[in-house]
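Heads up: the sequence lines are chains H and G, in that order.
Mapping to full-length UniProt numbering: the first sequence position 230 is 230, numbers consecutive.
Mapping to full-length UniProt numbering: the second sequence position 126 is 126, numbers consecutive.
The reader is advised that the hints may include incorrect statements.
Since copy identity is lost for identical chains, a pair holds within one copy or between any two.
Derived pair list, reagent style SDA-like, types lysine to any residue, alpha-carbon separation capped at 25 angstroms [what the hints assert, rightly or not]:
1. 186 to 102
2. 186 to 153
3. 186 to 144
4. 186 to 132
5. 56 to 28
6. 56 to 74
Calculated directly from the structure, the hints in this document are not laboratory data.
What follows is the residue order along each chain.
There are 2 protein chains.
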Amino acid sequence: MREEGAAPLVAPEGETPIVVLVRPQLPENIGTTARAMANGGLFHLRLVAPREGWPKERAWAAASGADRILDAATVHASVDDAIADCHRVLATCPRPRHVIMPVMTARAAATELRSLRERNLRTALLFGPERAGLEAEDLARADTLVRYPLNPEFSSLNLAQAVMVLAYEWWVAADGTPPVRLQTHKTEVATRGSLENFMGHLVAELDACGFLRNEAKRPGMVRNLRHWFTRGEVTEQELRTLHGVVAELSRGRMRHGRPEPEAPRTPDDD
Amino acid sequence: MREEGAAPLVAPEGETPIVVLVRPQLPENIGTTARAMANGGLFHLRLVAPREGWPKERAWAAASGADRILDAATVHASVDDAIADCHRVLATCPRPRHVIMPVMTARAAATELRSLRERNLRTALLFGPERAGLEAEDLARADTLVRYPLNPEFSSLNLAQAVMVLAYEWWVAADGTPPVRLQTHKTEVATRGSLENFMGHLVAELDACGFLRNEAKRPGMVRNLRHWFTRGEVTEQELRTLHGVVAELSRGRMRHGRPEPEAPRTPDDD
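When you get a sec, could you build the whole thing from the sequences and use the hints?
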């Protein structure tokens with residue numbers, strides 16, 4: 001049932017957490033779960049007593065190409081059977097449950113899962129059926145409860161959304177993307193020399209056109225412009241464009257013989 | 001169109017990020033987006049040129065009770081119109097785009113959004129249409145690009161999933177839940193005195209039944225048991241149960257007159 005050209009979705013070497021859907025109701029939700037797993041780099045899916053049986057074409061239709069995960073999914077009669085070869089079992093449960101057990105946030109769980117992977121231990125993540133969630137007997141099979149957190153005033157969480165959040169945290173826990181960076185395309189962040197060169201060009205043209213004619217205010221005005229042009233990183237390509245803008249503005253009107261419009265008044269222009 | 005008994009979903013005081021869906025295609029996805037917003041504590045929804053018009057009953061049907069968000073959603077002809085009163089605009093884009101602009105992870109964006117809220121600045125989060133994502137002209141309206149990160153081998157992200165991840169990060173950025181804790185119910189974590197009391201009971205019974213008869217191995221065996229019983233936190237209630245287990249095991253068979261089964265051999269039993 002795999003689409004041509006779909007992403008290969010091959011699990012990396014070593015253990016990655018197994019998603020166990022306990023008594024899932026709708027095949028569509030199994031499909032969207034597979035998609036969310038693929039988004040977050042999870043590949044192993046086990047189904048405990050899916051209500052409508054398995055396989056179901058509607059799951060593949062909802063998976064947006066995460067077919068290989070569904071192709072490889074296994075069906076189990078009980079939670080015990082689904083987790084028998086796992087070393088650690090985490091259960092997700094958005095609702096408050098009156099059980100005595102360790103509770104982790106999704107983020108802490110992801111860190112723990114990565115650490116278990118380092119130790120080559122096999123882990124399972126239990127997700128309950130859409131409406132009711134995991135039963136007390138299911139929870140008693142898990143060693144740890146995962147609560148995300150999310151808005152307690154509105155905790156109705158779609159199954160695939162629940163999987164998505166944990167898959168996302170799993171992915172991020174091993175990701176080294178810098179939190180903030182300037183994305184450049186075919187150019188580089190400008191050096192301060194290039195920026196100063198542009199400032200020189202701009203100020204020279206502003207002197208020439210009379211914008212900086214107030215000698216007393218001139219240093220402050222130049223400083224203010226400098227603050228603006230250094231607020232964020234600028235690229236060499238953007239500086240070249242700005243050089244062009246200044247050059248064209250300063251001579252364009254004359255060259256094309258267009259009438260000069262009424263100059264806008266600026267706060268410094270009195 | 002609001003269900004009776006639905007959560008009130010009233011936005012808290014102050015600014016919370018506005019979700020802007022740009023040219024969304026399916027009303028169902030607008031509904032599931034509202035649900036994901038509610039999960040993560042986002043309340044303000046704006047729609048730019050929804051393909052099928054607005055309002056659409058199918059959105060409410062998919063919102064699982066997040067009706068108030070849909071009831072209050074506004075429709076706009078353009079991105080410029082939808083963000084005119086906003087101070088900062090972040091655009092989500094899972095696909096690589098060849099633009100020069102700052103890129104943040106979802107986590108960094110959430111921190112930034114919380115910080116902007118502190119400064120009482122209004123923020124918008126742009127999400128593109130389901131298939132194509134935001135166009136270059138849309139991106140040029142944003143000051144920051146948000147890339148989550150997620151598995152680059154499978155970046156087909158459902159619209160509501162995309163909203164979910166950012167809403168989740170927004171919620172977590174202001175959440176103080178301890179990463180790991182033992183959830184107790186009508187009981188407390190046991191003191192070391194209570195634990196020692198139980199160990200005394202256990203060891204006395206093990207002495208009485210002969211399990212610790214090898215004097216040379218006895219100290220090590222007791223230490224090993226102690227390591228096991230102190231591995232995780234235990235509650236006073238669990239200790240009471242364990243006291244009962246030890247007491248009943250040590251006298252139960254005799255009292256009920258049942259035959260003693262063949263004793264299992266242990267590594268220490270030679």
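Quick rundown of the hints versus the structure:
no.: 1; hint: 186 to 102; result: between (50 angstroms within a copy, 15 angstroms between copies)
no.: 2; hint: 186 to 153; result: between (47 angstroms within a copy, 23 angstroms between copies)
no.: 3; hint: 186 to 144; result: between (48 angstroms within a copy, 19 angstroms between copies)
no.: 4; hint: 186 to 132; result: between (52 angstroms within a copy, 24 angstroms between copies)
no.: 5; hint: 56 to 28; result: both (9 angstroms within a copy, 22 angstroms between copies)
no.: 6; hint: 56 to 74; result: within (13 angstroms within a copy, 39 angstroms between copies)
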